[in-house]
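Q: With chain A fixed as given, assemble chain B with the ligand onto it according to the hints.
Here the protein sequences come in this chain order: A and B.
Counting from 0, one number per residue, gives the positions in the first sequence under numbering that gives the first Met the number 0.
Counting from 0, one number per residue, gives the positions in the second sequence under numbering that gives the first Met the number 0.
Simulated from the structure, these hints should not be mistaken for lab results.
Every residue, glycine too, gets a C-beta built ideally from N, C-alpha and C.
Hints may be right or wrong, so weigh each one.
Simulated restraints, written as ranges between beta carbons of each label pair [what the hints assert, rightly or not]:
id: 1; chain 1: A; residue 1: Arg-45; chain 2: B; residue 2: Tyr-898; range: 14 to 24 angstroms
id: 2; chain 1: A; residue 1: Arg-45; chain 2: B; residue 2: Met-976; range: 50 to 60 angstroms
id: 3; chain 1: B; residue 1: Thr-155; chain 2: A; residue 2: Tyr-81; range: 50 to 60 angstroms
id: 4; chain 1: B; residue 1: Ser-693; chain 2: A; residue 2: Thr-31; range: 10 to 20 angstroms
id: 5; chain 1: A; residue 1: Glu-37; chain 2: B; residue 2: Lys-887; range: 44 to 54 angstroms
id: 6; chain 1: B; residue 1: Lys-656; chain 2: A; residue 2: Glu-37; range: 52 to 62 angstroms
Far from chain A by the CB rule (all over 12 angstroms, computed), these chain B residues [claimed, not checked]:
id: 7; residue: Glu-260
id: 8; residue: Asp-513
id: 9; residue: Asn-624
id: 10; residue: Asp-744
id: 11; residue: Ser-896
id: 12; residue: Lys-934
The residues making up each chain are set out below.
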Amino acid sequence: MFLINCPFCGEREQSEFKAGGEAHIVRPKQPTELSDDEWAEYLFMRKNIKGIQFERWNHIHGCRKWFNIVRDTSNDEIKAVYKMGKKPPLV
Amino acid sequence: MSKNLRVKKGKFIDETSRVSFKFNRKKFYGFKGDTLASALLANNVHLVGRSFKYHRPRGIMTAGSEEPNAIVQLHNDSSRTDANVRATEVEIYEGLEATSQNCWPSVNFDIGGINNFFSPLLPAGFYYKTFMWPASFWEKYEYFIRKSAGLGKSPTRPDPDIYEHRYIHCDVLVIGAGISGIMAAKTAAKSGFKTLLVDEKPNLGGSTIYQDTNLFKINNQNSGSWLEKEINEIKKLKNLEIKTRTSVAAFHGYNFLLARESLIDHLPIEQRKNKTRQRLLKIRAKKVITATGSIERPLIFDNNDRPGILLSSAIKKYADFFGVACGEKNILLTNNDSAYETAISLIQKGINIEAIIDNRESIDSKLIYEVEKNNIKIFKGFTVVNTSGYKKINGVSIMELSKDGQKVIGSKINLSCDCLGISGGWTPAVHLFTQSGGKLQFRDEDQVFIPKTYPSDQISVGSCNGDLELDKIILNISKSLKEFLNIKKTDYENIEVLSSMNKSKRNIWLLPSDKIIGKTKPFIDYQNDATAKDIKLALREGFRSIEHVKRYTTTGMGTDQGKLGNMHALGIISETSGTKMGELGTTTFRPPYTPLTFGTIVGRNVGEYFDIFRKTPLHDWHTNNNAEFENVGQWKRAWYYPKKDENMHQAVQRESKAARESAGILDASTLGKIDIQGTDASEFLNRVYTNAWSKLAIGKCRYGLMLNEDGMVYDDGVTTRLGENHYIMTTTTGGAANVMGKLEDYLQTEWPELDVYLTSVTDHYATISVCGPNSKKIISKVIPNLDLTDENFPHMSFKNSNIEKVKCRVMRISFTGEHSYEINVQANYGKSVWEKCMEAGRDFNITPYGTETMHLLRAEKGFIIVGQDTDATMTPIDLQMDWIVSKKKYDFIGKRSLYRSDTIKDDRKQLVGLLTDNPNEVLEEGAQIIADINKSPVEMLGHVTSSYYSPNLNKSIALGVVRGGKNMMGQKLIIPMEKKNINVTVSDPVFLDKENKRLND
Ligand SMILES: [Zn+2]
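Excised from the complex, chain A in its bound form:
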């Protein structure tokens, strides 16, 4: 169990949080304009990296806020935590 530094509450146990999958996938503004393939790309395709991964997390048993983290999936080291809407940091 790792510790996550919630940008609103501070450091808390992983069990207070819920993982929300890959970060920076933006819902298309005009879904109706997309082909089946383009829509499927948004809907289904996700990366599964061994190494540096950008992820969404929700402090579900705390402030309920969503935010992003950068995690090395090979050792669970969290390189950065940043609020929604912020640019991903360089790591």
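A: Below, chain B with the ligand alone, put in the same frame as chain A:
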């Protein structure tokens, strides 16, 4: 047999307090401070179990948690019995009862022992090869394998003991209270760190504590005495908490560790009442110092597993700690100096040593010189090639080793003995370190794996870090601690150390024999009966990866995880395959380091505390009125209310009839309720529901269907517009938390520009639903100042009102198809309002109904239940609910997916009604639906999702999903059941009042 082998006062023995215990039903005596193993050895009992595969007699081999053989069952009590306990870790107490495991019918006469003589037939992978075929025989094989394997008995009654969980936060956690751990803990605590020191044993000091000769000195004192002073000092430190009998089971990432603290296992049963037995400690440490020491290696030669063969260090511990001689004619076999430490201890205690057999040809140390002074015969450059004795060793055959160590030469010499101590050097205990994600490196000079890179803020110190001798430990620890703790000084600088040991070692993984390997039994994994022969066979058969060899031969797969023999397995694989040890890697050590009881794992979460549950404000009323309850998510919901002799079916039929004929009342408080406010609330609802919301007038209600982005139905419920910018949404009971989470997700991450605020208010209200033709009359009595005329209060509308002084929200909405009202009041008024409704409804036979009747009533109307009639593969179109999907709206969650090539296919599973040809036959929910019984293979078209006998229609009704079902109206289908096939006809899913007349009656 019953000899007394107690020699001289052992360090931890209280000879004034004698303790009686039973082993295999026979009474023995030991002393307070004994382990079960030491007490048995003092009574000359070596044979304690049988091996797993060949059922060979096995004896106590070690003095610690690495024990592979002495696995016992404690107590025959049906509630308190404990299986797979290591005799070396059990502290004896008055009344202790232990029995051997893995032997049937008894340890001295074991039928499975015959496997031993058939052992050429039981090579590596035997189980895989033999019992694979024929498959139909497996049940028979399994019976015999399980019967003879005997891995202990489970208790058959609830555990009476108390267990608990505790969180601990500390600056520094030190694991292991040997000399390194003591020095580390003292340094950390004195430097201001809040420190926790844990050790699995009842006493502090590890193995140095009994090092009591002038051959090993620290600052001119015998090392044991020096350490004792250190221990007395740390006990006074305020910053330091010490926990003994505490074994670290798991070392996870981010310095999160689990440990088991045993509090009363050493006490007689009658003294344990009302005390916590074991605690699971969940430790978060800023820094971890691992000082877990090292484990002595056995040596691998023919018949190296007989009772009476122990690790040399264990013989020393039994003598020093417990004053027990493991034998009267001892022989030591070694490839390094540490067996001579054992020899010194035995000499000091007056225990006879017949001979020492040393693999090394030239040896030279002060320690050996001391032993030689006592006229003990040392065979230099020799090895043991075989042993004799069945239930206990009675002799060894030794031969000279060739120069390269690959062969034995010369003639055999037979020596008699009753105990053989073996020492193959030491293996650093890196298990916890690797669990934490640490990477190892191989040190060629003495063939050990040591820590290389640390994944978190931690270090290993002492012999678990490869510092295997006293002088090296002292030399390195000060520097390591200063760096790790970022401090300037420790108490351990410029310390004088005297170690009389020489570090030379002659490492031979598999000692040579005068016989070919096929004719020998050199055991590597004692618990799983894997021999060197098995490993070589696996390699010949093409296995290369250490993980594969492990599984094929089962080496290291016992409850001891191969703590003794894993290194030899690696060594033999390395030599045979020509791969370097460092490149071979090790197998993965997984938590727990030593087994945990189930009690420790679950702690207090047993019985009614196993999982939390939620009760509605009306729960007590339901209980008092004989309700049966159903679990819905975490909620306890009233299921049905049986009267006197009614069964469930009868109760539900009665409730359903009453609701349609006069009046029913339902506790709907569990429905999820989300308060939605903000200037963009309408726009937000437009985006999350499939239908349009902008034009919903204030005071009106609307049913909404929510999809996932993939177009599949996610949740449904009625939402009411309370004000210009204010709505209250209801969700399904089970979906409440997820819907809230999903809506928050979209608001925070996709549409942060929307001015919308969500609050979960599920628990704030009691929700009471009154339905049926007489519901209007009842509500008019309960809320007399509310105008219930259709003009003022039509179906799908809402009013604020009050019941006496209690404010309430009333909705005229229906999930049963009947004229009905839903009253929402502040939760704590729920019961009084419910009772008012009951009182007002008495003349109308108002009938409380539970979830089962609710499900039946809605099924008559063909209303879906999300999660029962849908399963995350159903679109609204599949549900024949096209009417609720807005064509005009540009976008909503899931819209684009509704015209993906897959979702517009005609042959998707679609919701239909099913009527049985025999109206009294009720289908089973979940039953498969087919069209053609003769087609092979049978094509499954779908399944039954809801099924009831309707007392209002006097026939069986069902809903189901059927491939292409929309176009099958009137068609015959078959429900194949175990005993017969049931014929059904596909129908409209709405069975009752399709015109919705009853809503306004
Ligand atoms: Zn937070």
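Q: Minimum C-beta separation from Asn-624 (chain B) to chain A exceeding 12 angstroms: can you confirm that?
A: Consistent with the label, Asn-624 (chain B) stays out of reach of chain A, its closest Cβ about 35 angstroms off (over 12 angstroms).
Q: For the pair Ser-693 (chain B) and Thr-31 (chain A), does the Cβ-Cβ distance stay inside 10 to 20 angstroms?
A: holds, 19 angstroms
Q: So the hint says 50 to 60 angstroms: do the beta-carbon atoms of Arg-45 (chain A) and Met-976 (chain B) match that?
A: violated, 42 angstroms
Q: Was Ser-896 (chain B) rightly flagged as not at the interface, with every chain A Cβ beyond 12 angstroms?
A: Per Cβ check, Ser-896 (chain B) is inside 12 angstroms of chain A; nearest 7 angstroms; violated.
Q: Just double-check Asp-513 (chain B) for me: nearest Cβ-Cβ distance to chain A has to come out over 12 angstroms.
A: holds, 50 angstroms
Q: Taking C-beta pairs only, is Lys-934 (chain B) more than 12 angstroms away from all of chain A?
A: holds, 33 angstroms
Q: With d taken as the least Cβ-Cβ distance between Glu-260 (chain B) and chain A, does d exceed 12 angstroms?
A: The claim stands: Glu-260 (chain B) keeps its Cβ more than 12 angstroms from every Cβ of chain A (closest is about 20 angstroms).
Q: Given the range 14 to 24 angstroms, decide if the beta-carbon distance of Arg-45 (chain A) to Tyr-898 (chain B) lies inside it.
A: Given a distance of about 23 angstroms, which is inside 14 to 24 angstroms, the answer is holds.
Q: Would you say the C-beta atoms of Lys-656 (chain B) and Glu-37 (chain A) sit inside 52 to 62 angstroms of each other?
A: holds, 54 angstroms
Q: Is it true that Glu-37 (chain A) and Lys-887 (chain B) lie within 44 to 54 angstroms of each other by Cβ?
A: With a Cβ separation near 23 angstroms, Glu-37 (chain A) and Lys-887 (chain B) fall outside 44 to 54 angstroms, so the hint is violated.
Q: Does the Cβ-Cβ separation between Thr-155 (chain B) and Tyr-81 (chain A) fall within 50 to 60 angstroms?
A: holds, 55 angstroms
Q: Quick check for students: does the CB of Asp-744 (chain B) sit more than 12 angstroms from each CB in chain A?
A: violated, 6 angstroms
In this structure, the hints that do not hold are numbers 2, 5, 10, 11, in rising order.
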